[in-house]
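Keeping the supplied structure of chain A fixed, place chain B upon it in accordance with the hints.
Protein chains: 2
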Amino acid sequence: MRHWEKDTSVKVSPYLQKFPQLNAFHGKPGFISLVGHRGARGLMPENTIEGFEYILDNDIIAIEFDVLLTKDEVPVITHDFYLSKSITRNAEGNWLLKNGPRISDLTIADLQTFDVGGVDKRSSYGSLYPEQAFLSDVRIPKLSDLLELACLPKGQNLFLLLEIKSDLSIDKRKVIEHIVFEIQKRSLSNRVVLHSFDWDLLDECRLIAPEMPRSYLSQMPESSEDLFDKPTEESSPDFTSLNCSIPEAIQAAGGHLWCPYFKDVTVDLVAEAHNLGLPVCTWTVNEVEDIENMIDTGVDGIITDYTDRAKRILKSRGLNWR
Amino acid sequence: MRHWEKDTSVKVSPYLQKFPQLNAFHGKPGFISLVGHRGARGLMPENTIEGFEYILDNDIIAIEFDVLLTKDEVPVITHDFYLSKSITRNAEGNWLLKNGPRISDLTIADLQTFDVGGVDKRSSYGSLYPEQAFLSDVRIPKLSDLLELACLPKGQNLFLLLEIKSDLSIDKRKVIEHIVFEIQKRSLSNRVVLHSFDWDLLDECRLIAPEMPRSYLSQMPESSEDLFDKPTEESSPDFTSLNCSIPEAIQAAGGHLWCPYFKDVTVDLVAEAHNLGLPVCTWTVNEVEDIENMIDTGVDGIITDYTDRAKRILKSRGLNWR
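Residue numbers (my numbering), protein chains in the order written: chain A, 29 to 350; chain B, 29 to 350.
Isolated chain A, as found in the complex (with noise of 0.2 Å):
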């Protein structure tokens, strides 16, 4: 089945004249929103300035991206909270020796003297992305150095899925008005999705920015190994123990966006979404065999560590991502 054949039953988002910017990561027929994961993960190195023009050199428009806070209240972009030994190297140009300290406890004086432009190949993370480009004197960026990037002409299409990351130890409602000001000084509210695991979290967003839509992430417990025996971020709902549907939750939250791990979409719950004016983007799909499947449950959009590759999968498939 081809993708644009099923549209005709699709709604449309009812929330699109009011947030322009979910039609980056809305379906239309022939079209599947192509969203880069950290920049391109596959690439190029992880949630850096270089990796989100590599996105804009090559035709993507939508990028999704992580936030944090520094000890001085800077919000920065990047995944972990800890300095990572496996993408970090320190001023002498050496890996970490181990991971850590945690971003909230450095300055971004300090988090500045940080090199931030690979990934160590010898390590189990650095393994998974043997073709990522290796580059040096790559910082950590702020999150306005994106937001400056957004502003000049090549940036003007570009639309941002910003994950503000959550744990418990730290002040959401800090977190979030730091973020807010950023992009409402440069008028960007109309370009920014605000995105979260942490449904509370974006409960505070929805008081503190309403101008900005907001997309809700999930993970299924039993699409993961049970590692440590918590299988989702601490703050995330437990989807277990819902008294209805995912997207039915996300639609009375006054959600915007839904945002599944790839392994729990179904066309079945696609359709749903669909039919409550909800779009669907999926995460984080790599691999052509999911992009192939994903493409066939009729989601909105697709987030990828390799906007190459699923570009060529659409192309394949005359279908469109911009």
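Be careful, since some hints might not be right.
Which copy? The list can't say, so a pair holds if one copy fits it or any two copies do.
Unchecked claim - Straight-line distance between alpha carbons at most 30 Å, and here's what the computed BS3-like set of lysine-lysine pairs gives:
(1) K202 / K126
(2) K170 / K39
(3) K291 / K339
(4) K291 / K113
Since the hints were derived computationally from the structure, they do not count as laboratory data.
Chain B alone, transformed into the frame defined by chain A:
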């Protein structure tokens, strides 16, 4: 192959005389140690005095459990860094609506207002333990409560595999010192093995408490789904980038016990550890088939949530556990 057929080639630990408590985790012909995981989580509320007493009443002498510090620096026995809504009710008897606060943000007095006598069986976590007893008015124990139990006549044969939980926000030295103080002041050093995923923390233990042996936990990243890209605990070594085998690395670190995840255990690795004089206890082995398979690998001990089930299996094979 029967377990003891292989035992003629097993070298015993060179540390058995120095650390007699290692006997509780060391195999011998016809014998496999059974270690109750968090007490006996399959049957009784985890990490509770009630669970530990059940173990003692049921002819098991070795228990594994987890220790953290409260805000007022009291070592307490609990697994997560925060109050988990799946196992915690408030003073009114209602399940917590969300995870948190963190244990390190609560005093012991705060903590003891909560009830951890059962799991919420509607939760994904609770659904894993359908046979667990549901009690009320059960408190997160202080480490000292368990140590006092070990000082009583009924606890005189109890041996403790004491896991020190580690994340990057803790002061490792302070945590170790508080724990060691409680043990030393009751003269229980010869009943305890210190146990952690954080090998650096274990190295601190070597300096602070050389009179207690050390157990090294491991889990290979490929034996678990790579959920949020960081497959092992943040303070655990990267086992794929060691320059030697894990048993060799533990021997080099001066370790006395190896505790691998059961999916990583092979006959060859157990034989290698034994040739280095290193006993092997594997975790967390719950299904009948997995317990059978682990017996066949020649491990010294099995850490399980279901001590009763494991006893039945050992009995049916003519083996004993103490």
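Now for the hints, and whether the structure bears them out:
Taking identical chains as interchangeable, the C-alpha atoms of K202 and K126 lie at most 30 Å apart whether they share a chain (29 Å) or sit on different chains (19 Å). Taking the closest pair of Cα atoms, K170 and K39 never come within 30 Å of each other, the shortest separation being 37 Å inside a single copy and 56 Å across copies. For the homomeric pair K291 and K339, the shortest alpha-carbon distance inside one copy (21 Å) is at most 30 Å, but the shortest distance between copies (38 Å) is not. Taking the closest pair of Cα atoms, K291 and K113 come within 30 Å of each other both inside a single copy (29 Å) and across two copies (26 Å).
Hint 2 from the list above is the single one not met by this structure.
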